[in-house]
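Protein chains: 2
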Amino acid sequence: MTQRKETGVPQFDIDIVAAHLEACEETIVFKLADRAQYFANLRIYREGESGFKDEKKRSLFHTRLLFQERMDAQFGRFCVPEERPFFSRLPRARRAVHLPQTGLRLRDNNAVNLMRDIVAQYLALVPRICREGEDGHFGSSVEHDIFAVQAIALRVHYGALYVAESKFRIAPEKFTPLIRDGDAGALVAALTRKEVEERILRRIPEKVAAAQKNANPMVRHCIDPGAVAAFYRETIMPLTKQGQAIYLLHRLDA
Amino acid sequence: MTQRKETGVPQFDIDIVAAHLEACEETIVFKLADRAQYFANLRIYREGESGFKDEKKRSLFHTRLLFQERMDAQFGRFCVPEERPFFSRLPRARRAVHLPQTGLRLRDNNAVNLMRDIVAQYLALVPRICREGEDGHFGSSVEHDIFAVQAIALRVHYGALYVAESKFRIAPEKFTPLIRDGDAGALVAALTRKEVEERILRRIPEKVAAAQKNANPMVRHCIDPGAVAAFYRETIMPLTKQGQAIYLLHRLDA
Numbered sequence: 001m002t003q004r005k006e007t008g009v010p011q012f013d014i015d016i017v018a019a020h021l022e023a024c025e026e027t028i029v030f031k032l033a034d035r036a037q038y039f040a041n042l043r044i045y046r047e048g049e050s051g052f053k054d055e056k057k058r059s060l061f062h063t064r065l066l067f068q069e070r071m072d073a074q075f076g077r078f079c080v081p082e083e084r085p086f087f088s089r090l091p092r093a094r095r096a097v098h099l100p101q102t103g104l105r106l107r108d109n110n111a112v113n114l115m116r117d118i119v120a121q122y123l124a125l126v127p128r129i130c131r132e133g134e135d136g137h138f139g140s141s142v143e144h145d146i147f148a149v150q151a152i153a154l155r156v157h158y159g160a161l162y163v164a165e166s167k168f169r170i171a172p173e174k175f176t177p178l179i180r181d182g183d184a185g186a187l188v189a190a191l192t193r194k195e196v197e198e199r200i201l202r203r204i205p206e207k208v209a210a211a212q213k214n215a216n217p218m219v220r221h222c223i224d225p226g227a228v229a230a231f232y233r234e235t236i237m238p239l240t241k242q243g244q245a246i247y248l249l250h251r252l253d254a
Numbered sequence: 001m002t003q004r005k006e007t008g009v010p011q012f013d014i015d016i017v018a019a020h021l022e023a024c025e026e027t028i029v030f031k032l033a034d035r036a037q038y039f040a041n042l043r044i045y046r047e048g049e050s051g052f053k054d055e056k057k058r059s060l061f062h063t064r065l066l067f068q069e070r071m072d073a074q075f076g077r078f079c080v081p082e083e084r085p086f087f088s089r090l091p092r093a094r095r096a097v098h099l100p101q102t103g104l105r106l107r108d109n110n111a112v113n114l115m116r117d118i119v120a121q122y123l124a125l126v127p128r129i130c131r132e133g134e135d136g137h138f139g140s141s142v143e144h145d146i147f148a149v150q151a152i153a154l155r156v157h158y159g160a161l162y163v164a165e166s167k168f169r170i171a172p173e174k175f176t177p178l179i180r181d182g183d184a185g186a187l188v189a190a191l192t193r194k195e196v197e198e199r200i201l202r203r204i205p206e207k208v209a210a211a212q213k214n215a216n217p218m219v220r221h222c223i224d225p226g227a228v229a230a231f232y233r234e235t236i237m238p239l240t241k242q243g244q245a246i247y248l249l250h251r252l253d254a
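From first to last, the protein sequence lines are chains A and B.
So for the first sequence, the working numbering puts the first residue at 1; every next one is plus one.
So for the second sequence, the working numbering puts the first residue at 1; every next one is plus one.
I should point out that these hints are in silico values taken from the structure, not numbers from a laboratory.
This list has only true hints and no planted wrong ones.
With the C-beta cut set under 10 angstroms, the calculated list includes, among others, these residues of chain A facing chain B: (1) T27; (2) D54; (3) T63; (4) M71; (5) V80; (6) L99; (7) S140.
DEER-style ranges, computed between Cβ atoms: (8) B/P10 to A/A227: 22 to 32 angstroms; (9) A/T176 to B/E206: 47 to 57 angstroms; (10) A/P172 to B/L201: 48 to 58 angstroms; (11) A/V9 to B/A230: 33 to 43 angstroms.
Cut-off 30 angstroms, straight-line C-alpha distance, at most; resulting in silico cross-link-like pairs (DSBU-like, lysine-lysine): (12) A/K213 to B/K213; (13) A/K213 to B/K194; (14) B/K194 to B/K174; (15) B/K213 to A/K194; (16) A/K174 to A/K194.
The C-beta atom is built at its ideal place from N, Cα and C for all residues, glycine as well.
Take the sequences, apply the hints, and build the full model.
Next up, the structure:
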């Protein structure tokens, strides 16, 4: 009964959800392209080399991510289900954040948190889009890393939560038995829409190429459209589906 | 003598400086386009409406900028001459930042700080690129505001410092008397290269259009190429030249 009443709310209209995911594509492409203006600077990912006098263990990247999340937490970022932190024990929100009812059936927002995988796979992408070596812009590089990671993470978590709930509402009879069986693999298979994935994988390289079309390659490093498409295929899409399965397995009253 | 020895170092090769400024164009376009995915949300710029329980005066935008600059200061951002803060009394850098010799002839990095104007003029741009009204994404909007402001500010300050020093080194005999006279207006006139400005103003709308070319306008709000070109013409270019004149008037040993 409750189900039926809630079906049809705009945040679970699958076309609106898909449109939002599509709009995230430029944002991710832009942030990767901006990161790639700096060299790979791989030293910033090495533990113990943050350069902070009182931070002996974390890398500069992880130190920056921690500071960023501490700031973001105070602004209420992680009150939003699709904004997930990498770190735990962050400060409380200092702002009153007024959230609309999401309609998600999630007891714990952190049940779907794929940040470890997102960060690990993003770090593997860096050498594929940036020039090898060091240019000394360590601070700017980690800053742009965080922009990119957060944009990717928002896309993955939003897709995980809202696509899963939308698909469940369209066909509860299809998903409920798979959830009861706790069968993550079968859920991922049932959630997969090959033709949608193929459309995304055609769009991504075109968007990368368009974003750089008027860039002067003598002055601006251009990223490989294929590398971004591969990142979508190998990371963003599988993690989104994994998140959908986790969401459904945790879904209340399923 | 010192002058002559330093002429020809790559950071003051006017073509290299211009190339770097050109590469900033995509970065600025991308950050404005991403900000415009959120509505104008003008409430975030109103004093006393930050929503922070312990921040009664500042707007949410200014609160975010303050937190951001406090974080950035600890990472050493403002040790770099072209990265200027809006706020003063920021914490010290906690990282050892190894800066190459810039070669700039500046005693006080903050002598050229145009942040007040940049922020004011950026805030006037927001309603020209964003949809009117509110979508409730206040935190995301200020976050993207800061990304955009910092990208614009880097372009303005880098251009101010490095273009001015490069032009001075090419023709010290032209600039030295104007500096001695303290004539900012004559300096701006002497620094102006109309044909360069026109080339930039032709490029910008093309870059905005290219960046959005494959975006689906049903799902992603596209910004007006003319508004960004106007911002370059009315804000970025005049402030850069104003910064150049200030730099030269403060230049040591001129």
